Amino acid sequence: MMVILLILVAIVAWVVFAYNRLVSLRNQIDNAWRQIDVQLKRRHDLIPNLIEAVKGYMQFERDTLTQVVEARAKAVSAPDQASRMAAENQITAGLSKLLAVMENYPQLKADENVLKLQEELTTTENQLAFARQSYNDVVLDLNTRIQSFPANLIATNFGFHAADYFKGAPEEQAVPKVDLSMTTPRA
Amino acid sequence: MAASNFRALEAANRRDTALLVAAFVLLFGALGLGLDFAARDFSIVDGQLVGFPVLMIAALVFAGVQSIVSYYSGASLVLLSVHARPLTADSPKHEMVLDVINEMAVAARIPVPKPYLMDDPSPNAFATGRDPTHSVICVTQGLVDQMDREEMQGVIGHEMSHVADYDIRTMMMIAVMVGGIAMLSDFVYRWMFFGGFGGRGRSGSNGDRDNQAAMLITLAVIILAAVAPIFSQLLAMAVSRQREYLADASSVEFTRNPRALLRALEHIAKIESPLKQGTAGTAHLFMVNPREGARDDNEGFFANLFSTHPPLGKRIARLQAMLGNAGARAIAGSAALNT
Numbered sequence: 001m002m003v004i005l006l007i008l009v010a011i012v013a014w015v016v017f018a019y020n021r022l023v024s025l026r027n028q029i030d031n032a033w034r035q036i037d038v039q040l041k042r043r044h045d046l047i048p049n050l051i052e053a054v055k056g057y058m059q060f061e062r063d064t065l066t067q068v069v070e071a072r073a074k075a076v077s078a079p080d081q082a083s084r085m086a087a088e089n090q091i092t093a094g095l096s097k098l099l100a101v102m103e104n105y106p107q108l109k110a111d112e113n114v115l116k117l118q119e120e121l122t123t124t125e126n127q128l129a130f131a132r133q134s135y136n137d138v139v140l141d142l143n144t145r146i147q148s149f150p151a152n153l154i155a156t157n158f159g160f161h162a163a164d165y166f167k168g169a170p171e172e173q174a175v176p177k178v179d180l181s182m183t184t185p186r187a
Numbered sequence: 001m002a003a004s005n006f007r008a009l010e011a012a013n014r015r016d017t018a019l020l021v022a023a024f025v026l027l028f029g030a031l032g033l034g035l036d037f038a039a040r041d042f043s044i045v046d047g048q049l050v051g052f053p054v055l056m057i058a059a060l061v062f063a064g065v066q067s068i069v070s071y072y073s074g075a076s077l078v079l080l081s082v083h084a085r086p087l088t089a090d091s092p093k094h095e096m097v098l099d100v101i102n103e104m105a106v107a108a109r110i111p112v113p114k115p116y117l118m119d120d121p122s123p124n125a126f127a128t129g130r131d132p133t134h135s136v137i138c139v140t141q142g143l144v145d146q147m148d149r150e151e152m153q154g155v156i157g158h159e160m161s162h163v164a165d166y167d168i169r170t171m172m173m174i175a176v177m178v179g180g181i182a183m184l185s186d187f188v189y190r191w192m193f194f195g196g197f198g199g200r201g202r203s204g205s206n207g208d209r210d211n212q213a214a215m216l217i218t219l220a221v222i223i224l225a226a227v228a229p230i231f232s233q234l235l236a237m238a239v240s241r242q243r244e245y246l247a248d249a250s251s252v253e254f255t256r257n258p259r260a261l262l263r264a265l266e267h268i269a270k271i272e273s274p275l276k277q278g279t280a281g282t283a284h285l286f287m288v289n290p291r292e293g294a295r296d297d298n299e300g301f302f303a304n305l306f307s308t309h310p311p312l313g314k315r316i317a318r319l320q321a322m323l324g325n326a327g328a329r330a331i332a333g334s335a336a337l338n339t
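Residue numbers (the numbering used here), protein chains in the order written: chain A, 1 to 187; chain B, 1 to 339.
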């Protein structure tokens with residue numbers, strides 16, 4: 001009798017523990033997502049300023065500039081999450097191309113305003129990338145847990161679902177690594 | 001390294017710090033007790049303890065108070081001792097460093113540590129504090145001047161990992177304790193050799209045996225006082241060396257780019273300028289050993305034993321191995337723009 005009672009207590013304790021662990025992971029995912037959102041918004045705010053600052057110099061890159069501006073407009077007015085993410089990925093691709101071609105315009109290096117915006121945009125892009133990295137790490141944690149026995153019993157009974165990874169645009173990988181040494185002169 | 005590994009390291013560090021503080025307080029108590037015997041205010045008469053061990057109590061209280069004070073304000077004391085000031089965005093390069101600190105905090109999923117700057121031309125950095133919400137990362141002006149963005153990410157990633165896994169707490173308490181033990185053992189020595197042995201004797205029927213016991217205890221304390229500073233230094237160094245490799249690996253985990261830290265360390269290895277303000281007490285906090293001549297790649301047992309850091313050559317070799325194995329993949333997946 002005592003033994004059965006002990007086993008029951010152990011099972012209940014395990015269920016509570018496993019449930020709390022899943023809740024904590026789900027909250028971490030929400031939190032990681034908010035981090036991404038902050039950076040996306042910051043990027044939306046930065047783009048108009050950057051375009052304004054460089055368009056005088058970059059008459060011949062009209063296409064690159066328009067691509068970024070249009071992708072931003074699409075992202076801001078996207079009706080659902082999927083199309084928003086597609087537009088955001090377009091922005092990422094467009095911006096990394098823009099930052100790369102900016103190298104061809106030495107006049108930009110003399111413009112303090114442009115340099116400042118460029119640094120701000122670079123760090124936003126990096127924070128976005130790192131936020132996405134940690135988001136995907138937590139999603140991997142949660143999904144592994146949800147799928148493995150015996151935690152999957154808890155997950156299915158308490159409505160935990162596997163989360164989606166934040167995938168980058170396919171063309172993003174194809175963009176060559178840019179090295180704009182203009183902001184960081186070696187001493 | 002996944003988040004769960006950081007949690008395991010954090011738990012280990014919380015435990016280690018508690019053990020260290022306990023050992024520290026006990027050591028102080030033991031040394032205080034030795035002083036009590038030497039001063040004869042506490043002694044053994046006829047196999048009975050006589051008197052009140054006032055110095056032991058004082059040492060225990062002192063050690064306890066010192067632990068509490070350094071737990072809460074150790075970071076400020078360290079910053080004060082190396083003459084650091086808050087880092088502000090007063091130049092483009094300083095702004096870049098602030099940005100990189102924000103970026104690596106996002107990668108490590110911790111609050112942004114407070115940024116500080118040391119006016120020193122030698123490239124170096126350290127992190128300290130009691131937990132991620134009360135942490136600082138301090139860089140030297142030399143580091144700011146000499147690192148490009150990619151290298152800076154590697155360095156800050158290394159420091160961010162010390163913050164994320166609570167290394168900073170353990171290392172900060174060790175810094176305080178090494179200093180405290182050195183001070184007390186010095187005090188014990190002076191006391192014992194200059195006047196400690198005088199004092200009035202108490203004698204009972206078993207006088208000789210009592211005196212013998214007291215002498216033995218005093219002798220034990222003298223030995224303890226002699227070895228404690230060396231032992232605490234060795235401990236600080238052993239604890240610190242292991243952590244450097246781990247922090248290097250975590251930095252790569254954050255940046256997904258072994259080249260970042262590798263380039264930074266290779267760069268630093270070429271420079272032979274010891275830190276002006278690097279003291280023995282804070283050496284183990286830094287990213288690379290700040291003391292002169294400590295950069296050699298001496299691999300001997302004693303060279304290893306007495307160093308707070310693994311030889312730079314070994315750290316570079318480990319990073320090169322990472323670059324070789326996972327390098328291509330890591331760089332393809334590397335998130336950051338290093339403009």
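For the record, the hints were derived by calculation from the structure and aren't laboratory data.
Keep in mind that this is a model prediction, so the values were computed, not measured.
Heads up, a few of these hints could be off.
30 angstroms max Cα-Cα, derived DSBU-like pairs, lysine-lysine [stated by the list, open to error]:
hint, chain 1, residue 1, chain 2, residue 2
1, A, LYS116, B, LYS314
2, A, LYS116, A, LYS55
3, A, LYS167, A, LYS109
4, A, LYS41, A, LYS167
5, B, LYS114, A, LYS41
6, A, LYS97, A, LYS167
Far from chain A, some chain B residues (derived; all Cβ distances over 10 angstroms) [unchecked claim]:
hint, residue
7, TYR71
8, PRO92
9, GLU95
10, VAL100
11, VAL106
12, LYS114
13, ALA226
14, ARG318
Have a look at the derived ranges for each label pair, beta carbon to beta carbon [what the hints assert, rightly or not]:
hint, chain 1, residue 1, chain 2, residue 2, range
15, B, PRO86, A, ARG84, 30 to 40 angstroms
16, B, ALA22, A, ALA13, 44 to 54 angstroms
17, A, GLN147, B, ALA89, 38 to 48 angstroms
18, A, ALA78, B, LEU235, 29 to 39 angstroms
19, B, VAL227, A, LEU153, 52 to 62 angstroms
20, A, VAL9, B, VAL45, 31 to 41 angstroms
21, B, GLN212, A, ALA13, 17 to 27 angstroms
22, A, PHE149, B, ILE271, 25 to 35 angstroms
23, B, PRO111, A, ALA13, 51 to 61 angstroms
24, B, ALA12, A, ALA13, 19 to 29 angstroms
25, B, GLU266, A, SER24, 54 to 64 angstroms
26, A, PRO106, B, ALA18, 54 to 64 angstroms
27, A, THR66, B, GLY324, 37 to 47 angstroms
28, A, GLU52, B, GLU266, 36 to 46 angstroms
C-beta: ideal position from N, C-alpha, C; glycine also.
C-beta pair ALA78(A), LEU235(B): status relative to the range 29 to 39 angstroms that was hinted
Once the Cβ atoms are compared, 57 angstroms apart, the range 29 to 39 angstroms for LEU235(B) and ALA78(A) is violated.
Given as non-interface: TYR71(B), partner chain A, CB spacing beyond 10 angstroms:
27 angstroms, holds
Hint check for GLU266(B) and GLU52(A) - Cβ pair distance inside 36 to 46 angstroms:
At roughly 40 angstroms between Cβ atoms, GLU266(B) and GLU52(A) fall inside 36 to 46 angstroms, so the hint holds.
Quick check on a hinted range of 31 to 41 angstroms for VAL9(A) and VAL45(B), using CB atoms only.
56 angstroms, violated
Verify the CB-CB distance for GLU266(B) and SER24(A) against the hinted window 54 to 64 angstroms.
Since GLU266(B) and SER24(A) have Cβ atoms about 40 angstroms apart, the given range 54 to 64 angstroms is violated.
Could you tell me whether the CB distance from PHE149(A) to ILE271(B) stays inside 25 to 35 angstroms?
Since PHE149(A) and ILE271(B) have Cβ atoms about 54 angstroms apart, the given range 25 to 35 angstroms is violated.
Per the hint of 37 to 47 angstroms, is the separation of the Cβ atoms of THR66(A) and GLY324(B) within bounds?
43 angstroms, holds
Holds or violated: LYS97(A) to LYS167(A), with C-alpha atoms at most 30 angstroms apart:
Judged against 30 angstroms, a Cα distance of about 19 angstroms means the pair holds.
Verify the proposed pairing of LYS167(A) with LYS109(A), using a straight-line Cα cut of 30 angstroms.
33 angstroms, violated
Exclusion check [PRO92(B) not at the chain A interface, CB over 10 angstroms]
7 angstroms, violated
Decide if the proposed pair is consistent with the structure: LYS116(A) and LYS55(A), CA atoms, cutoff 30 angstroms inclusive.
Satisfied, since the Cα-Cα distance of roughly 16 angstroms is no more than 30 angstroms.
Is 44 to 54 angstroms a correct range for the gap between the Cβ atoms of ALA22(B) and ALA13(A)?
Between ALA22(B) and ALA13(A), where Cβ atoms are some 30 angstroms apart, the hint is violated.
Of the hints listed earlier, those the structure fails to meet are numbers 1, 3, 8, 9, 10, 11, 16, 18, 20, 21, 22, 23, 25, in rising order.
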